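*Asks:* Each chain is listed here by its residues.
Protein chains: 2
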Amino acid sequence: MKAVGVVVEYNPFHNGHLYHIQKAKELTQADIVAAVMSGPFLQRGEPALVSKWARAEMALESGVDLIVELPYAFATQHAAVFASGAVDILQSLSCDFLCFGSESGSIDAFQQTFTLLQGKGMEEDLLVKGFMKQGMSYPKAKSLAIKELTTSDDHTALNLSMPNNILGYEYYKAVHTNKYPMEICTVARMKADYHDKTFTSDTIASATSIREELLHDKGDIRKIKPFLPASSYQLLQQYKETYLTYHTWENYWHYLKFRLLQSTAEELAAIYEMEEGLEYRFLKYVKTASSFHDFIRLVKTKRYTWTRLQRICVHILTNTKKAEMSSSLKPNYIRLLGTTVNGRLYLKEKKKQFQLPIISKLSAFDKEKIALDIRASQIYALGVPNLVQHQLLEMDYTKPPIMK
Amino acid sequence: MKAVGVVVEYNPFHNGHLYHIQKAKELTQADIVAAVMSGPFLQRGEPALVSKWARAEMALESGVDLIVELPYAFATQHAAVFASGAVDILQSLSCDFLCFGSESGSIDAFQQTFTLLQGKGMEEDLLVKGFMKQGMSYPKAKSLAIKELTTSDDHTALNLSMPNNILGYEYYKAVHTNKYPMEICTVARMKADYHDKTFTSDTIASATSIREELLHDKGDIRKIKPFLPASSYQLLQQYKETYLTYHTWENYWHYLKFRLLQSTAEELAAIYEMEEGLEYRFLKYVKTASSFHDFIRLVKTKRYTWTRLQRICVHILTNTKKAEMSSSLKPNYIRLLGTTVNGRLYLKEKKKQFQLPIISKLSAFDKEKIALDIRASQIYALGVPNLVQHQLLEMDYTKPPIMK
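Each protein sequence line maps, in turn, to chains A and B.
Residue numbers are given in full-length UniProt numbering: position 164 of the first sequence equals residue 164, and the series is strictly consecutive.
Residue numbers are given in full-length UniProt numbering: position 113 of the second sequence equals residue 113, and the series is strictly consecutive.
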């Protein structure tokens, strides 16, 4: 059996994702789709709208056959680390293909950019440092540096200021740098732009616009119905009925505030990605901020992207220290979230080739290794009211992988 | 001018406290009453019902002339440390008398017990250790040890299982051990027992029964009216109108739960009073407890009193570590909360004799020294809804002492 791997967040799973999976199978003729999906906290430094279990269920209902968790140590990182962890896991699952969605849609553009930048690592670093000295954020500096190193040549330029092109480029780079045998392809994202805030077609809308409708005070869940598979829509409805809320940063703002107010600058400086005295800005503005959004707005400077600051806040919530992160640079387990019949057939056939242990039951696994993921899940559970917290809090210990 | 000092919590200020102040003045013929009062968290390991500012206001309305804060480092400790800090502060305020309420009401009983135990420190320690080895809590072991060392003699026995006798004995001991020139007297507590849960007379009720009525779902604030001075009653009403709640442990339970879920056993072990592997019980039961009360019930063993466990929880909330506490064994400032006209006259006359700096404005004082009190106040402020938190959060920085 052949598998095509995808790297996803499914926040929530919508028709654009469905299109991506279908195209991936069509392009590669793979027998199954294997997805590696971020757990409770996402790359943008936000809690996922609904639990990883609910999102895994959506995926399995709509064409994914095998879904595993991208550990916290990669899911909450900038593009390069995120991509490297995800690609390592897909490789460990013996995927034959990797197919990602991009604004570009042309794998040649990724290949050309990668070739042009080969051996120019030092030049790139110097340019990035130079731009950052001018006060730019890291992602902006990096995209400008790459532009400078590649635009003089005659090629279909890859626009590396687009979020999915950036991630795609990092996947491409990770596969080639590691010389993984995976074949890579890309699908152009349909119609709605990544950052689109309004619905742009009859059945495709960005996850951002779907979330906005779901989370807005006057939002109406029925309005998003055309843009999601029926099963996703139903699971979203059920989640709110069960847990009384979707998870947003504002649900965790009081915890962040509490933790900041009880911390010393020294303790905060130990948190992952907290650098250059940023802890003093955090301690200064926590007292006056009226909401999480207001807090980030106050702390923000040109130097740090909104996303980076949100990620630091996630690390404060989960109490993730520099030392702990630096000891987790390579994935060392695969947490299985769910399978279809075909997914299970694939596992049976390929399991012996896998380079990493598969965790199906937590009780049977060394909990030390997975401590950070468990902690993140438990903190995530605190985003729902006390009355319904218990089930979500225990889920990571008690729930077996979903079987479809 | 002469001053009589009192050590108080006023949670809330009621007619029993009024009686105590009036008797203290009557017995000592002092010109003013100086009170040292616990800040946001109390000796029993609980948040005060209302802020220290509201409680100071109550006191100044009812006969106290000068009120200062007992720092967190003493207010949240077992009787001996609590008493020693309080007595040091009253001495620093040049008080001529110390008058405490007790179940006994006879200062001779305190004096006799003190004399009998003089030079028996080692015997006492041995007995206490012996009883604790049998599984008893420290307070129980201590009271039994003292009983054993004193009952064979012919004297009016002091019952040291009564909470106010215990505290009184520690005041007595602190004054005499330090050879402070203060004269000590005691007033018998009126009618309602300390632990009484029902009102026992027409105008006197215990603070416990008043709190129960205030905090009970079906409680009716009007029922407590006969037992409080009118000003206290009004201030309690106003507080609820302004901050929408009184402060109870349940208001902080989600913060405690969050902090426990994000902590390692090692981090918890650094918290003050966390001993003998208790951190593992905390981490075990936080996942299943349905409320703060339920949590303490689950963690509790014969070895630890309810009060002690609650105090540890306060230290977790305020992130108070062993190292920080051990560096605060002697008071090194006096935080002024308020004065009457007479209180100000006294300050003017005596200020030069004071051995500790008086803090009236935080901005003018070294904030390092008072960091723990500020932190405790800010964490305390998180017990009210987000909407009204800001004022309470800033109060310790902006509010000058109350002037009546």
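Hints are computed from structural coordinates only; laboratory data are not their basis.
Hints are not guaranteed to be accurate.
Given that identical chains are not distinguished, each listed pair holds provided it fits within a single copy or across any two copies.
[To be verified] Below 27 Å or equal to it, Euclidean Cα-Cα: the simulated BS3-like pairs (lysine-lysine) are: (1) Lys240 to Lys369; (2) Lys302 to Lys147; (3) Lys300 to Lys352; (4) Lys240 to Lys367; (5) Lys367 to Lys218; (6) Lys367 to Lys284; (7) Lys321 to Lys284; (8) Lys287 to Lys140.
As the structure is a prediction and not an experimental result, all values here were calculated from the model.
*Asks:* Does each hint hold? Answer for all of them.
*Replies:* Against the structure, the hints:
no. : hint             : verdict
1   : Lys240 to Lys369 : neither (32 Å within a copy, 48 Å between copies)
2   : Lys302 to Lys147 : within (20 Å within a copy, 69 Å between copies)
3   : Lys300 to Lys352 : neither (48 Å within a copy, 48 Å between copies)
4   : Lys240 to Lys367 : neither (30 Å within a copy, 46 Å between copies)
5   : Lys367 to Lys218 : neither (43 Å within a copy, 45 Å between copies)
6   : Lys367 to Lys284 : between (37 Å within a copy, 15 Å between copies)
7   : Lys321 to Lys284 : both (21 Å within a copy, 22 Å between copies)
8   : Lys287 to Lys140 : neither (30 Å within a copy, 42 Å between copies)
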